[in-house]
Amino acid sequence: MKKLLMLMVLGVFLLTGALLWASGDGQEQEEYDEDTYGPKDPIIWVKPVKSVVFEHKVHTMQGGLECDSCHDDLFEMEAGVAEENEDFTMKTLYEGGYCGACHDGSTAFASNTRCTACHIGARGQARLLGADGATEKTH
Amino acid sequence: MKIDDLEKMESEDVSSLSSVERRNFLKIGFAVTGMYLGGSVLSLVSVKNAHGASASGVVPELGKYPYNPHYSMVLREKLCIDCERCKDACVKTNNVPSYGFRTTILEKRHSLGEDKYETIFVPVLCNHCNRPPCVRVCPTTATWKDEKTGIVVMEPSRCIGCKTCMAACPYNARYFKEEARTVDKCDFCFQSRLSKGVMTPACVEACPADVRVFGNLADPASRVSQLVHSPETMVWVLRPETGAIPNVFYINS
Amino acid sequence: MKGNNTTTMPTSSVTVPGNKLMWLSLFLIFIGVAGAVYAQVIGHHHAFANTREMPWGMLIGVYAYFAIVSTGLCLLAAFSHAFGGNQMAPLANRMVWLSIITLLGAFTVIGLEIENVWRMPLGVILHPNVTSNIWWMGTLYGIAVGVMFLELLLILTKRYSIAIILGVVAAITEALANSNLGSVFASLQAKPFWYGSQLPIFFLSCAVLSGAAAIVMFTHFSHLLQRRQMATDTFQGLQTAGKVMVLMTFLVTLATVWKFINAYASNDEMIMAADSLFKGPLAINFWVFEIGLGLVLPGLLLAITRLKSISVMTAAAIMVLVGQFFSRFNLVVSGQIIPSDYGFVGVPQYLPYTPTVSEYLIVVAGLGVVGFGFLIGERFFDETFRTSAH
Chain A
148 MKKLLMLMVL GVFLLTGALL WASGDGQEQE EYDEDTYGPK DPIIWVKPVK SVVFEHKVHT
208 MQGGLECDSC HDDLFEMEAG VAEENEDFTM KTLYEGGYCG ACHDGSTAFA SNTRCTACHI
268 GARGQARLLG ADGATEKTH
Chain B
358 MKIDDLEKME SEDVSSLSSV ERRNFLKIGF AVTGMYLGGS VLSLVSVKNA HGASASGVVP
418 ELGKYPYNPH YSMVLREKLC IDCERCKDAC VKTNNVPSYG FRTTILEKRH SLGEDKYETI
478 FVPVLCNHCN RPPCVRVCPT TATWKDEKTG IVVMEPSRCI GCKTCMAACP YNARYFKEEA
538 RTVDKCDFCF QSRLSKGVMT PACVEACPAD VRVFGNLADP ASRVSQLVHS PETMVWVLRP
598 ETGAIPNVFY INS
Chain C
6 MKGNNTTTMP TSSVTVPGNK LMWLSLFLIF IGVAGAVYAQ VIGHHHAFAN TREMPWGMLI
66 GVYAYFAIVS TGLCLLAAFS HAFGGNQMAP LANRMVWLSI ITLLGAFTVI GLEIENVWRM
126 PLGVILHPNV TSNIWWMGTL YGIAVGVMFL ELLLILTKRY SIAIILGVVA AITEALANSN
186 LGSVFASLQA KPFWYGSQLP IFFLSCAVLS GAAAIVMFTH FSHLLQRRQM ATDTFQGLQT
246 AGKVMVLMTF LVTLATVWKF INAYASNDEM IMAADSLFKG PLAINFWVFE IGLGLVLPGL
306 LLAITRLKSI SVMTAAAIMV LVGQFFSRFN LVVSGQIIPS DYGFVGVPQY LPYTPTVSEY
366 LIVVAGLGVV GFGFLIGERF FDETFRTSAH
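Protein chains in written order, with the working numbering: chain A, 148 to 286; chain B, 358 to 610; chain C, 6 to 395.
Chain A with its partners taken away, still in its complex shape:
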């Protein structure tokens, strides 16, 4: 009857809906020996600024560097030590300290170029720590 009709109309009205679309990307890892190449996990500094990444893999396995090119002249073998130092800044890097010992434009790319190679930022850090992709996308 008409009541039914009205309810039906209502029912159909209430049916509206939209679907969600999301995408993710996979990751693969080749063999990596920590004893030969140093720790596998990237080291992330958040001081003085968020967030700089250092990967042993890039330097030892891919770059062919020995441990003693960095340890223990430039860096301690302990994550987080350097960032406690007052002079862990770009200025020091430019003057040949820390990463700047090599990242001077001759041994490796200069510290005043390609900022985002080292600086993965808050977003990059979030991605490294929390599985993948999107950091924030809310209201």
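These aren't lab readings, by the way, just hints derived from the structure by calculation. Be careful, since some hints might not be right.
Stated by the list, open to error - Subject to a maximum C-alpha distance of 25 Å in a straight line, what follows is the list of computed PhoX-like cross-link-like pairs (lysine-lysine):
(1) B:421 to A:194
(2) A:187 to B:473
(3) A:238 to B:421
(4) B:449 to A:204
(5) A:194 to B:449
Said to hold, decoys possible - Selected chain A positions facing chain B (in silico; Cβ < 8 Å):
(6) 196
(7) 204
(8) 206
(9) 210
For every residue, glycine included, the Cβ atom is placed at its ideal position computed from N, Cα and C.
Based on these hints, arrange chains B and C on the given structure of chain A.
Showing chains B and C alone in chain A's frame:
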């Protein structure tokens, strides 16, 4: 045109573009719209736009700025390291709630083949457009361009919360701030700082990498003006095709 | 005024048909408003599915929906009144009333949707913005509803000649209001899938289509409710409305086809937006409801049955009205579904949007207002509705 396409022009000297990028960039219909200011500024805009709003590209000519001071911001994009100090400073200075932002950093990743990416961080904020779509659509003039400074400001007590300005903004620069029952947006810290005599926005002050440069575009001696009008500098803006004529410029030098 | 009831006690509430429906519609309004109050208390950003990137959702669609139905009814009423001889004239008085109540339904929904309604009445008067389509739309619809009330008053008091003039004024006002509504979307360069000069005209076409559908449906409902045989001239009027529906389903389908062809001949953003309807998250809404149920099926049904059966016409009308509902929803969502910063890391291709319970409740409030208004009309203006007065 999408931001996507704009990104392809990020490099200031064209020689550093890979050949693939260069080809892409021509394919998607951009043209070098000509030398500008005696051959000093290359402005790259879509072909269509070149004949539109500003004949000589995205940067208005010196002496043709509608306001004085004509506040604007220049973002030296490739220096941005996404440390987000600007965001934090903005949040603190302007009481931005956790669900909103007045300025944020977007991230773009170009594949360089294999596992490698090149990352570009793009700071975004209100563009304080010369022809602001948000201002045009507001039914109660709760938002307008300040007559003196060109800053797009909000009057919370007039906002009815219809959110048309949010829909109209090409830059996603507006959000509704429930606490204040109003749409909220970047005002170059007009209310929190400029009007109190502090002449830089909080984000500019907080940036450790000197990415954000703020100032009066109409003053030829100002740093923004010099950056934007300096020889060989490529200057671009986001979404020029909307005709909003933004006042936030991007460069890479 | 319920003189036509078959029962003995026309004023007795127990026997008046539609009384229960009246309570039902009041109940709908009640729960709808309750939902709106709840949403206001916990905050729209919690209660609604809208986000910064997708500030408008189903409720804007429903507002547009009711407003568009109202415009259609008002236009058809003016035509029928002004050009007396035509066959829809017997429906014209009812159309005026229905136009008023659907507009009130629209106001209800938008009033419950926007964040600070209370700032609106003074705001639009003290701080008008003549470049704002929203301002014009609101102002013109406001004027239209006033004019239509006046018109109704004149019709009720049988001062037809002035009523006709007011009807024409109302129709023009509504048409302007409606195209401003179209332009609210169509003037936003930031949203290319909305942008363009055709949308306001598309809205008007949809208005005529849904107005015709609404008058068919409500007139039939009225006869069912009053348990009354349909007069020949009324039936012929409905057939004319049916013809309008056939024509308009065809035209609106055509407009939709061209919109898509144009989008696919455009840039990435347009193509992606079109894809969201064509094969993306809105595909079911689009193909099944907007196109299938809303345009093709009713068009075919009406054409095949040659407008002979009132039940078929009503069924087609309901389909059209449901389809139009989806059409508005799809329009609102598809225009915003591509994020303006698409291409950056973490930004999805399509923004998610699924209406929340609070949003549905506010739609219910709107439907309640329309239903209640319809029943009020049946109760008090029945006599007027049956005269094709001039």
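Against chain B, with CB atoms and a cut of 8 Å, does the hint on residue 210 of chain A hold up?
14 Å, violated
Restraint check for residue 238 of chain A with residue 421 of chain B, where alpha carbons must lie at most 25 Å apart:
40 Å, violated
Could you grab the alpha-carbon distance between residue 421 of chain B and residue 194 of chain A and see if it respects the 25 Å cut-off?
Since the Cα atoms of residue 421 of chain B and residue 194 of chain A sit roughly 44 Å apart, the hinted pair is violated (cutoff 25 Å).
Restraint: residue 204 of chain A near chain B, CB-CB cut 8 Å. Satisfied or not?
11 Å, violated
Does residue 196 of chain A pass the interface check with chain B, least Cβ-Cβ distance below 8 Å?
Holds: closest Cβ of chain B sits about 4 Å from residue 196 of chain A, inside 8 Å.
Proposed proximity, residue 449 of chain B with residue 194 of chain A (alpha carbon, max 25 Å):
The hint holds at about 20 Å.
Restraint satisfaction for residue 206 of chain A [CB to CB of chain B, less than 8 Å]:
Constraint on residue 206 of chain A not satisfied, violated at 15 Å.
Holds or violated: residue 449 of chain B to residue 204 of chain A, with C-alpha atoms at most 25 Å apart
With Cα atoms ~39 Å apart, residue 449 of chain B and residue 204 of chain A exceed 25 Å; violated.
Within 25 Å, alpha carbon to alpha carbon, are residue 187 of chain A and residue 473 of chain B?
Between residue 187 of chain A and residue 473 of chain B the Cα gap is close to 17 Å, so the pair holds against 25 Å.
Hints 1, 3, 4, 7, 8, 9, counting from the list given before, are not met by this structure.
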